[in-house]
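Novice: Single-letter residue listing:
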Amino acid sequence: MRTLRRPTHRAAPGAVGRRGAAGLGRLFGPVRDARGMAKWVLWIGLGITVLFIVLAVFAPLVAPYDFDQYRNAEGIRFGKQAPPSAAHLFGTNVLSTDVLSRVIFGSRTALTVVVIAVVFALAVGLPLGLISGYFGHKLDRVLVLVMDALFAFPYLLLAIVIAFLLSETIGRGVMSAAVAIAVVYIPQYFRVVRNHVISVREEPYVEAARALGARPRTIIVRYVLFNVIQTVPVIATLNAADAILTLAALGFLGYGIQPTDAAEWGYDIQRAIADAGSGIWWTGLWPGVAIVLLVTGLTLLGEGLNDVLNPVLRRRRIERVDLPSREARVLEPGGEA
Amino acid sequence: MDGRLRAIRVLAVVGVLALVAAACGEAAEEEQPPEEVTIIHGTTDPWQSFDPAASYDLPSWNVIQNVMETLLRIPPGGDTPEPGLAESCDFEDSQTYTCVLRQGVTFHDGSTFEADDVKVSFDRNIGIADPEGASSLLGSLDSVEVVDDSTVTFHLKAPDATWPFILTTAAAAIVPSDAYSATEVQADQAGQVIGTGPYEVAEFRPGETLVLEAFDAYWGDAPVNARVIVQLFDTSSALKLAVEQGEVDIAYRNLTATEIDDLRGQEGIEVVQGNGTEIRYLVFNVEKEPFDELAVRRAVAMTIDRQAVVENVYNGTVDPLYSMNPVGLAGHIDAFADEYGESPDPEGAAQVLADAGIETPVNVEMWWTPSHYGDLSADEYTEIKRSLEESGLFSVSLKSTEWDAYTEAAFTGQYPSYQLGWFPDYPDADNYLASFYHSDTFLGNNYSNSQVDQLIATEKAATDQGERVAAFEEIQRIAAEEVPIIPVWQGDQIAAVRDGITGVENTFDASFIFRYWLIGKSA
Amino acid sequence: MAKQSTSLRTYALTRLGLALPMVLLLLTLVFILMRVAPGDPISAALGGRLPAEELARRRAAAGYDRSLVVQYFDYLGDVARGDFGQTISDNRSVTGLIVQNGAATLELTLVAMLIAVGVGTLVGLVSGRLRDTPADAAGRLFGIVIYAAPIFFLGFLAQLVFGKWLGLLPTSGRASPVVVFTMDSPTNLFIVDALIGGDMEALGDVLRHLVMPATTLGLVIGGVFIRLVRVNVLQTLQGDYVEAARARGVRERHVVFRHAFKNALVPVITVMGLQFALLLSGAILTEQTFNWPGLGSELVRYLDNRDYIAVQGIITFVALVVVVVSMLIDLINAWVDPRVRYA
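Same order as they appear, the protein sequences are chains A, B and C.
Mapping the first sequence onto my numbering, position 50 (from 1) lands on 50, and the numbers just tick up by one.
Mapping the second sequence onto my numbering, position 269 (from 1) lands on 269, and the numbers just tick up by one.
Mapping the third sequence onto my numbering, position 143 (from 1) lands on 143, and the numbers just tick up by one.
Quick caveat, the hints were computed from the structure, so don't treat them as lab data.
Remember, it's a predicted structure, so these values are computed and weren't measured experimentally.
Some clues are possibly wrong.
Think about it this way: if two alpha-carbon atoms lie no more than 30 Å apart in a straight line, the pair counts; the simulated DSSO-like pairs of lysine-lysine are [claimed, not checked]:
#1 A:80 <-> B:288
#2 B:385 <-> B:399
#3 B:157 <-> B:288
#4 A:80 <-> B:385
#5 B:288 <-> B:399
#6 B:157 <-> B:119
With the hints as extra help, turn the sequences into a complete structure.
Specialist: Now the structure itself:
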């Protein structure tokens with residue numbers, strides 16, 4: 001059966017490649033037209049995601065203190081493990097740093113690492129999927145086997161080992177964490193892209209292009225890629241949600257970034273577990289809530305986009321069509337009834 | 001000792017206790033009869049090995065001191081060696097030490113304790129020379145001579161007045177010659193760990209639990225419990241919850257200061273504190289930048305804020321330390337306080353650096369290890385970094401690795417500066433100062449001062465206490481001037497025990513041996 | 001019928017044939033990972049602590065001075081024989097370590113999977129049946145949010161509430177130290193051992209320790225199940241035979257329970273298999289959070305100690321388990337749903 005994801009307005013070769021306003025308008029058409037729960041889901045997800053992006057980008061302006069700041073401007077230390085108060089809305093942790101500030105800076109760390117990881121995974125998985133799907137044969141079979149093997153392996157185990165090995169060679173930091181996470185998700189991008197390419201390459205217009213003598217590179221880039229790329233936003237968003245969890249897991253186990261370089265939610269929760277035993281709840285609750293919120297937001301955004309862009313699941317606005325009444329049509333000026 | 005005779009002794013002791021309790025007139029709690037008592041000890045310290053030739057860490061040594069025995073031993077609360085497996089020991093001359101061995105002692109596997117066992121125990125320790133072992137402690141030993149079945153003579157390479165102390169350490173624990181190989185490390189399994197001590201290893205699950213059971217044919221005083229289960233915890237918070245909920249009887253090593261504070265007020269729990277000579281310090285590799293410059297080391301000594309570490313990280317449960325010879329041992333002087341003052345002096349440090357023409361901020365790389373010294377190492381070094389950077393003179397980058405890789409790198413001189421800790425092998429200043437300041441130590445920090453070496457040799461050979469103290473003080477003064485190591489804090493032994501557990505305070509003494517045989521439980 | 005069993009056998013053989021290259025690939029991957037950065041395990045673990053000649057002697061004895069290719073085939077041979085070697089840091093047999101701690105992980109993951117399937121199918125069925133109602137929205141949201149919550153965060157909350165504030169449940173270990181010592185554990189699966197020994201008190205203790213870790217892990221995995229079960233329910237409810245049943249006048253309740261739900265649950269087995277890797281990943285985090293002495297916490301411990309022989313053994317074992325389980329799932333699937341065999 002043909003792929004369900006392809007919105008009809010993308011089929012004609014003419015429309016492909018034209019990035020005029022008409023093209024963009026058509027892209028956002030489904031979003032505008034969406035109704036029902038899909039719309040709510042999309043907007044809520046978008047709202048949450050944008051909130052965290054704002055926090056991440058403007059962290060130094062938004063956060064009351066620096067992520068490793070332990071005393072105020074006069075040099076007086078903050079309390080250690082102090083409960084929430086006016087000066088520290090979320091309290092302080094065992095190192096006397098402000099929890100709220102660490103949560104805000106943590107979003108910066110999370111989004112930075114995850115964006116790098118997703119870009120990296122895309123940069124490797126997308127081309128591989130394209131090539132493998134289009135050319136097929138032995139290359140395809142080998143790649144599929146390798147990717148399936150990687151995919152079947154418990155992702156955290158893979159991420160841990162790679163993060164560890166990278167930290168031994170290039171040192172612990174944003175790059176080692178991002179690469180470790182990226183490697184885990186490359187098989188996913190590869191799979192989706194490859195499957196999509198396989199179905200698209202049988203389309204008549206692709207055959208036509210081939211018959212016309214277009215080179216494989218042209219076909220892949222002009223027709224296949226543009227067709228395939230529309231699935232990327234949804235997958236990338238859902239991937240980003242997962243990647244945040246993986247980064248937090250690495251941070252929790254101690255294989256994430258260097259704690260002194262930046263604030264990281266997973267690492268903060270690891271320190272907070274010791275506090276739970278003494279009844280100190282604020283050091284772990286807020287980073288955890290942040291993770292839940294951001295991941296939920298990204299997931300809702302991704303699912304919302306999926307519902308909206310997928311023509312099968314899409315729910316269109318239904319306009320009532322008013323047919324003119326029969327009596328009105330029959331009348332003529334000066335005529336008989 | 002004959003079983004029946006021992007049983008009568010036990011009954012007599014119990015009987016006397018009962019009479020005394022009755023005589024006191026109050027409703028005294030009755031001790032549970034030893035046969036029914038199981039003590040559960042929760043800890044976060046992992047064991048290395050139960051072979052005296054292959055371990056040099058506190059948790060392993062604790063087990064060895066309960067399962068095996070030494071020729072001489074430090075009594076609870078004391079600080080001088082008294083007879084153990086040896087009935088008597090004497091110096092024949094400054095380099096010859098002879099011991100007459102106790103008769104009628106049997107190992108857990110039934111074999112008899114004889115002079116051969118002593119020779120094999122020492123020879124194999126030195127021969128195997130395991131990197132994790134303490135053969136360095138036996139450095140003074142030249143050879144062990146078996147004079148007859150019950151007499152042994154130690155021939156030392158040089159006069160060493162501390163040799164009797166060394167005989168009390170776990171490195172000198174006696175193992176059976178027929179069951180322990182001369183070249184291989186013994187496996188850590190029940191039935192393979194054999195000694196003469198009051199406990200035998202009943203079960204061992206590596207990384208999880210160790211079960212010790214009282215040895216029926218033990219020659220000495222029977223333990224006041226029948227069994228000890230040592231449970232290993234990954235985190236101190238889990239250990240704390242376990243002792244709160246009664247899953248363990250004793251939580252000893254390593255609860256954080258916050259956790260101790262929380263436990264102090266709680267019903268059903270008692271926090272026991274005993275004097276301690278456990279120390280923490282920062283080592284400089286004097287051949288690695290920037291610590292090859294004396295000025296830099298002195299500047300750090302002037303800037304480091306011990307009080308901040310003590311207050312903020314440990315909630316005041318430890319004390320600032322101003323010498324590598326801790327408070328409580330003979331010859332202690334607050335050498336660093338004398339040299340640099342008790343509080344940080346950033347201006348003085350700036351002056352020192354300026355005089356030496358060193359640009360600030362100085363880039364410093366400092367290493368620490370996450371679990372070996374408890375969960376607070378991270379915070380301790382964050383605090384040290386803060387105090388150094390507050391002065392504006394240093395820029396500190398902190399790095400860490402786990403213990404195995406950490407020691408490998410640190411002791412081969414790969415780190416410019418690194419965290420270490422120390423527990424006494426025996427309660428004498430020599431164990432600290434010689435171990436740290438001799439040209440030939442395990443530290444790997446390339447410090448060498450022939451005058452210090454000379455002083456160490458002097459105090460080892462001297463029999464007069466005044467002479468030794470004078471030597472100790474001089475070593476500490478030189479060490480403070482040249483600063484190859486900075487002492488940071490000294491800590492007490494702390495345990496959280498459930499109500500009804502007795503004897504813990506009796507075993508908290510300068511020897512740092514946790515004597516399970518003294519721990520009892522009242523109903 | 002004869003044709004059916006033949007094709008099942010054929011399918012099984014084909015599937016096995018496919019599994020072997022997969023195993024080889026994974027083993028190669030593990031070998032490369034373990035040799036690439038650290039060098040040989042012995043130098044990595046004991047490097048600076050032994051004199052150079054001793055180090056060289058040990059390396060030669062263990063065979064690390066030979067070419068990588070020779071070592072590779074040696075490794076494959078060892079795995080085929082089931083010989084994973086001895087750990088460097090504490091001289092334990094790696095196979096013994098896998099058996100002892102693997103059982104702990106197995107117990108945790110099995111119970112967690114039960115909880116996941118229970119929660120997931122329940123909420124998923126309700127959600128799918130009541131599509132687009134507030135109940136559906138709540139169910140879907142619950143699935144999303146619970147999956148978004150990191151396991152260690154849920155563990156933190158659980159320890160805070162049930163461990164500290166309510167004081168009801170223990171937060172670490174598989175059982176109290178006394179129980180661990182006194183109970184005979186031939187299988188090392190404590191629930192089984194307690195039942196075999198008829199020791200109800202021990203069983204209670206073991207269950208009390210198991211509740212929080214298994215529920216935490218199970219809930220998170222259950223979140224994934226909800227979504228999958230819901231989609232299955234939606235599809236089956238739209239299916240032709242359901243319409244036919246409705247047209248025949250079968251009561252809605254029968255339609256839902258007898259036809260739709262049963263068929264919606266068939267893929268659950270597949271789903272369980274797919275979530276297996278997720279379960280193992282989650283187990284690592286759960287074990288660290290709750291001090292559970294399983295394979296995950298051992299992996300972290302040995303990795304931190306640079307004990308690459310132990311790490312290699314554990315990862316190899318996990319890779320093999322993953323291949324075996326996915327093969328089993330495929331076989332069960334083929335047995336249950338004949339259409340799969342002809343694909």
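Novice: Work down the list of hints and note, for each, if the structure agrees.
Specialist: These are the hints, each one checked on the structure:
| no. | hint | result |
| --- | --- | --- |
| 1 | A:80 <-> B:288 | violated (35 Å) |
| 2 | B:385 <-> B:399 | holds (11 Å) |
| 3 | B:157 <-> B:288 | violated (33 Å) |
| 4 | A:80 <-> B:385 | holds (17 Å) |
| 5 | B:288 <-> B:399 | holds (16 Å) |
| 6 | B:157 <-> B:119 | holds (17 Å) |
In summary, the structure is inconsistent with hints 1, 3 from the numbered list given earlier, while agreeing with the others.
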